[in-house]
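Undergrad: Each protein sequence line maps, in turn, to chains A and B.
Under my numbering, the residue at position 125 of the first sequence is numbered 125, and the numbers go up by one with no gaps.
Under my numbering, the residue at position 32 of the second sequence is numbered 32, and the numbers go up by one with no gaps.
Because the hints were derived from the structure by calculation, they are not lab data.
Any given hint might turn out to be false.
Claimed, not checked - If you anchor each label on the Cβ, the simulated ranges turn out as follows: (1) A:Asp204 x B:Glu111: 21 to 27 Å; (2) B:Trp16 x A:Tyr97: 38 to 44 Å; (3) B:Tyr13 x A:Asp22: 43 to 49 Å; (4) A:Leu207 x B:Arg90: 34 to 40 Å.
Idealized CB from N, CA, C, for every residue including glycine.
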Amino acid sequence: MIFIINGTLRYNSYDGDLYLIDGSIDMITLSMVMNELMLLMIKSNRVPLSREFILNDLWSKKGLNSSNNNLSNYVSMLRKTLTHCGLHDVITTIPKYGFVFSADVEVLSERPECRNSLSIDKAESKSVLSLYLKFKGFIKYNRNFLTGKDLLLLISALVFYLFLSHGYIYSQFKNIVGYDRSFKVNKCNVKLLNDSGQKLNMKDVTLSLKIMMARNNINCGKKSTIFYHYNQDGSALNDSGSQIFFAYCTGDRKLPCVNYRVTK
Amino acid sequence: MNINTLLRVRWRYPVWIISLFILMHSLWLTGSQHQRFTCRAQLRVESSCSQCEKVNVFDLFIAINENGRGYLLISGSRVDSEEVRSNFNRVIDFTYSKQGEGYNLRLNKQEVTSNKVLSDLKIDGDKMNLKMIDYHRYLLSWRKDNLLACAMD
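Construct the complete structure from the given sequences, taking the supplied hints into account.
TA: This is the structure in C-alpha cells:
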C-alpha cells in the first residue's frame with residue numbers, strides 16, 4: 001500500500017520506501033522490522049497500541065522472540081527516521097502502556113508500486129524492470145527470515161558437495177568409454193569405438209563389419225549391440241598382428257558378450 | 001495470517017530441504033565408490049594363418065568385490081602348437097581402485113608371469129582397465145588394442 005503522511009511524506013509499505021514529495025531528501029528504505037512496525041502503526045492511526053500487542057504482532061506470531069528493549073530500539077529508530085523526514089512527534093510514548101501514532105494519513109494506492117523513475121519507454125524493458133523490482137522486493141522482504149544458521153548450513157552443504165563431486169565428476173568423464181559413432185548394419189546396432197582421433201572411411205568400416213558378421217553368423221535381434229574398434233589403417237589386422245576388436249552383446253542379460261578376435 | 005507472512009515463514013524450509021538433499025547426495029557419491037558386481041564375457045580367438053585353422057574359446061568372469069579386491073576367472077579350451085586340445089581353469093586375483101564408473105585393476109604379478117594361458121590372451125602386464133560402455137556393460141582393456149566387452153550379471 002502507498003500512503004501519504006501529513007501531505008508531505010510518501011510511504012510505500014511494500015518495500016519500506018519513504019520519500020518526501022518535494023524531493024528535498026533522498027529516499028530512505030526502512031529495514032524489514034521497522035517497515036512492519038511503521039505499517040502496523042499507520043493502520044492503527046490515532047489508536048494506542050500496547051507493547052504486548054506490538055510484540056505479539058511483529059515477533060511472537062511468527063514464532064520469534066523479542067523483548068521490550070528491542071521494541072523500544074526499533075521505535076526510537078523509526079522516530080528518528082520520521083523526524084529526519086520532517087515528521088516530528090508523530091509517535092508518542094504512552095507510559096507503562098505502549099505507543100500511539102498520530103498523523104494525517106491518506107491511502108494513495110492499495111497495490112504495491114513499482115518505482116519507474118527512469119521513464120523507460122519500451123514495454124519490454126518495463127516488464128524486465130518490473131520483474132526485477134518484484135524479485136528484489138521479495139528477497140528483501142524475506143531475507144531476515146533466513147537466519148545466519150540457515151545460510152551457514154546451505155553454504156557448508158554446497159562446499160561439501162563441490163569438494164566431493166569435483167573428483168567424482170572428473171573421474172566420471174575420465175573413465176567412461178565414448179562412442180565415436182552409432183549406426184546400424186543389417187539391423188544390428190553398432191557402436192564404433194575409435195580413440196585414434198582420425199576420421200574414418202565409413203564405407204570401409206561397414207564393409208569390414210559385414211565381413212565379420214557373415215563370418216561369425218551374426219544376425220542381430222532386438223536390443224543386440226555390436227561394439228567395434230576399427231584400426232587406423234582400416235585393415236582387418238593391425239600392425240602388431242594381434243587382433244581387431246569385435247564384440248556381440250545380445251539384449252539378454254543372462255548371456256555374456258561374445259568377443260571375436262582374429263590373430264595372424 | 002496473511003499470505004506474505006506465510007511465505008516468509010516458509011522461506012527457510014526449502015533451504016533446509018535443499019541443504020539436506022545436497023548432504024545426502026554427497027554421502028551417496030562417497031558411498032557409491034565401492035560397488036559389488038560381476039561381469040561375464042566370452043572370447044573366441046581365431047588364428048588366421050594359412051596352414052592352420054584353429055579357434056580357442058575362453059570364458060571370462062570378472063568379480064569386483066567391495067573391499068578393493070576382485071578376481072578374474074578364465075576357463076575354456078585351447079589348442080597348443082602340437083594340435084592337442086586341453087581344458088583349463090585359472091583364477092587371477094587383483095586389487096582395484098575405482099575411478100568414476102570405471103576401475104583400474106592391478107593383477108597379481110606372480111600369477112600373470114607363471115600363467116601360460118594368459119599368453120593366448122596377450123595378457124603380459126599386470127594392469128587392466130574396466131570402463132563402462134553402457135548402463136550394464138563394461139569394456140576391459142589391457143595393453144593397446146586389447147579390448148573385451150563384458151555384460152554385468
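Undergrad: With reference to the structure, classify each hint as holding or not holding.
TA: Hint by hint, here is what the structure shows:
The beta-carbon spacing between Asp204 (chain A) and Glu111 (chain B), approximately 40 Å, falls outside the hinted interval of 21 to 27 Å. Between Trp16 (chain B) and Tyr97 (chain A) the beta carbon distance is about 40 Å. The supplied range of 38 to 44 Å therefore holds. For the pair Tyr13 (chain B) and Asp22 (chain A), the beta carbons lie near 44 Å from each other, so the given range of 43 to 49 Å is met. In this structure the supplied range 34 to 40 Å holds for Leu207 (chain A) paired with Arg90 (chain B), their Cβ-Cβ distance being about 37 Å.
Hint compliance for this structure: hint 1 is the single one not met.
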